[in-house]
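Residue numbers (our numbering), protein chains in the order written: chain H, 1 to 100; chain F, 1 to 556; chain V, 1 to 147.
Honestly, the hints are just simulated from the structure, not real lab data.
Don't take each hint at face value.
As the list claims (entries may be wrong) - Here are the simulated SDA-like cross-link-like pairs (lysine to any residue), alpha carbons at most 20 Å apart as the crow flies:
| # | chain 1 | residue 1 | chain 2 | residue 2 |
| --- | --- | --- | --- | --- |
| 1 | F | 165 | V | 72 |
| 2 | F | 438 | F | 321 |
| 3 | F | 165 | F | 458 |
| 4 | F | 276 | V | 72 |
| 5 | F | 165 | F | 175 |
| 6 | F | 248 | F | 276 |
| 7 | F | 438 | F | 314 |
| 8 | F | 99 | F | 167 |
| 9 | F | 99 | H | 81 |
| 10 | F | 80 | H | 92 |
| 11 | F | 99 | H | 59 |
| 12 | F | 276 | V | 87 |
| 13 | H | 96 | F | 458 |
| 14 | F | 167 | F | 421 |
| 15 | F | 276 | V | 84 |
| 16 | H | 96 | H | 81 |
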Amino acid sequence: MARAFRPCILTANDLIDGEVVYLAPDGAWTRRPVDARLFEDEGEANRSLAAAEAQEDAIVGPYLAAAAPGGHLGPEPVHIREVLRATGPSNYCHGKQAGS
Amino acid sequence: MYRYDSFDREFVRSRVAQFRQQVERRIDGSLTEEEFKPLRLMNGLYLQLHAYMLRVAIPYGTLDSRQMRQLAHIAERWDKGYGHFTTRQNIQFNWPRLKDVPDILDALADVEMHAIQTSGNCVRNITADHFAGAAADEIADPRPTAELLRQWSTDHPEFAFLPRKFKIAVSGSPVDRAVTRAHDIGLRMIRNGVGETGYEVSIGGGLGRTPVIGSVVRDFLPVADLLPYVESILQVYNAIGRRDNIYKARIKITVREHGIDAFRERVEQRFRIQHKAFTSAHQALLKRISAMFAAPAFIEAPTGAFDAALARDPVFRSFVDTNLHPHRNPQYAIVTISLKAHGATPGDATAEQMRVIADLAERYGHDEIRISHEQNCILPHVHKRDVPAVHAALREADLATSNVGLASDIIACPGMDYCNLATARSIPIAQDIATRMKERGDERQVGDLKIKISGCINACGHHHVGHIGILGLDRAGVENYQITLGGDGTETAALGERVGPGFAADDVVPAVERLIDTYLVLRSDEDEAFLATYRRVGMQPFKAALYPDTVLAAGR
Amino acid sequence: MGRGNSGILVRDTGFRDDDWRGEFVQWSGEEDHSALPDLAALDVENTASAEDIVPLFERIALIRIAFPSHMDGRGFSLARHLRLLGYRGRLRAAGHILADQYTMARRSGFDEVEIDPDFAERQSEEQWLFRADWRTHDYQERLGRRQ
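Using the sequences plus the hints, can you model the full thing?
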């Protein structure tokens with residue numbers, strides 16, 4: 001049986017500085033998951049992924065990551081790996097955590 | 001130590017120029033990411049969870065103060081002020097920008113360093129005993145061999161696109177501090193019946209998904225045959241190693257599928273052609289290299305200051321107990337600087353700490369520093385009269401933790417805090433165990449205990465050869481940790497055995513404590529180390545301590 | 001029958017059209033090659049055994065080794081093996097090879113590289129020429145590994 005589709009966000013790393021980026025509703029790449037577009041339709045998610053794969057001049061390694069709608073702030077990643085990508089490593093407070 | 005000649009210098013500069021051009025071509029679109037990836041990996045550049053990561057080779061773990069200061073400079077200028085020393089005698093910078101990497105590589109070239117072949121399906125940084133040239137128990141210094149192999153493997157035209165990565169380790173002592181039997185090729189320097197020095201060659205060792213202790217492919221290889229023979233091994237592996245399945249691509253699987261005898265036969269067949277394919281130039285070069293590794297001019301001086309500090313200062317005494325190792329010159333000591341302060345990230349050093357270590361090496365250590373696969377720093381040649389001064393300076397820099405070889409001297413890979421491949425975090429587990437050991441205050445009573453943690457099955461944290469091994473896995477999106485017991489990475493190499501079902505992150509520290517408490521009860525006396533007790537009594541009592549309910553249920 | 005010869009050749013001097021006018025015969029390693037025309041060109045997979053081709057060395061003028069992927073380095077070792085066994089004819093690497101691999105190809109014993117025209121569009125001649133200086137900075141040569 002095919003796996004049921006789960007709401008997700010589209011994420012990658014920035015080509016130049018390697019930082020984690022997310023696709024925003026306006027098609028730009030944002031650094032904050034709460035500003036990301038939450039895909040609730042599988043077809044749209046896959047189409048956006050295919051489009052992102054062609055953007056090799058801006059990003060590296062795009063993929064879809066499960067996300068929850070979150071509160072009023074915006075989507076939140078679900079898997080521990082994506083939580084760490086969103087917040088930064090747990091052994092140091094590296095800017096990203098300091099800012100949030 | 002080895003000094004670059006103009007050939008090495010020009011080679012490294014040309015590689016930087018090539019990489020600079022490759023980065024430009026990636027940015028301008030002439031290289032796709034798929035094409036760029038192997039090229040950046042061959043220059044040590046990964047893309048990890050949060051950023052690019054640059055892995056810099058510290059060949060056979062040897063560096064001097066000038067090089068250490070440059071690492072500090074790089075950490076400050078292009079990274080976040082620290083570096084992470086790894087189990088493969090590399091240093092990793094976790095936050096460089098792609099555009100800056102060519103400049104970082106130029107800065108490394110300024111001090112005769114590089115990041116070449118620290119990644120990719122090629123021959124990786126050659127590792128060696130971190131006490132090389134200093135240990136009292138050494139037959140021969142393994143570093144000239146390692147340097148010869150570094151040069152041979154660098155940019156080798158046939159072996160940049162092997163089925164999978166390839167790791168070589170060299171040990172010059174019967175005491176194997178380089179974990180040679182867990183490498184694709186392990187070289188142990190030995191003497192034959194007539195007193196000639198050569199190598200015992202083992203192949204197909206490795207940890208990872210399928211841990212294997214290497215098999216001996218040649219009992220005694222004369223020194224002069226090293227390059228043609230190693231090249232023969234690589235040619236056979238390149239031709240018949242599997243490329244259809246990444247999990248079966250390492251040479252250990254090739255050796256297992258073909259059998260060690262059939263593999264050896266192929267190697268010997270190639271070797272008959274290969275040994276004619278080299279002139280004797282490499283032996284002349286080896287001679288030149290060996291001369292550069294001549295021992296420093298050891299000082300003759302009284303060691304009274306050392307003895308006085310030992311008698312007077314209990315803190316110094318405990319430092320000496322754990323962090324000093326016998327030097328081949330009885331007036332000297334090998335001093336290990338622990339990068340495992342309780343609660344800190346194993347293997348991390350700040351730029352400031354790197355500079356302290358560099359200063360001490362320059363002032364008291366004949367300008368030599370080593371990095372161990374156990375993620376510590378070593379001053380291999382310190383006169384005993386200077387050890388008290390070194391200790392005092394280390395205390396000021398928060399580098400005097402006296403725990404080498406103890407429970408809190410933990411090997412841990414970066415894990416899911418940084419690594420793209422990880423399935424669980426390693427660092428917080430190591431931090432918690434070390435913090436708890438400090439609270440308990442009994443790690444000196446517990447004694448020799450190697451805890452090794454990997455954040456995924458690839459086993460960069462060497463968990464298979466930890467007395468207590470911890471492997472972090474992903475169980476439906478939740479971190480889960482399996483425990484193995486009885487592993488050993490030395491000349492009595494053994495793979496740890498899994499005790500039972502895994503533990504949630506919060507349950508790992510209590511589980512490790514139960515293992516330690518069980519050992520304290522079971523040991524025959526204070527001199528019986530954890531591993532010896534485990535080998536004597538077996539898994540059962542430890543299993544009962546970890547899973548009391550299950551074992552009771554089974555007994556009913 | 002092997003592939004045709006519509007590719008672009010890369011040599012130390014840059015790009016050129018293929019000057020080989022004859023046919024390529026696919027080497028399978030098993031069939032009887034007594035019918036092979038003299039001074040023929042062989043198409044060889046990178047899994048072939050160099051020893052098996054030795055009896056034909058005097059009768060072939062060109063061996064073309066396929067590179068199915070730039071990640072697959074078997075062709076380099078095969079070329080080296082052919083040279084060590086005494087093959088002196090023309091040796092060509094063909095397929096997915098990057099400009100950055102030109103040095104490896106030359107040092108392994110290849111005379112030239114053949115790439116598709118569309119690949120040559122993206123990997124310009126200039127990028128290949130940047131790596132054409134394959135004799136310099138050669139550690140293996142310094143260690144006495146015979147070319």
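Broken hints, by number: 4, 5, 6, 8, 9, 13
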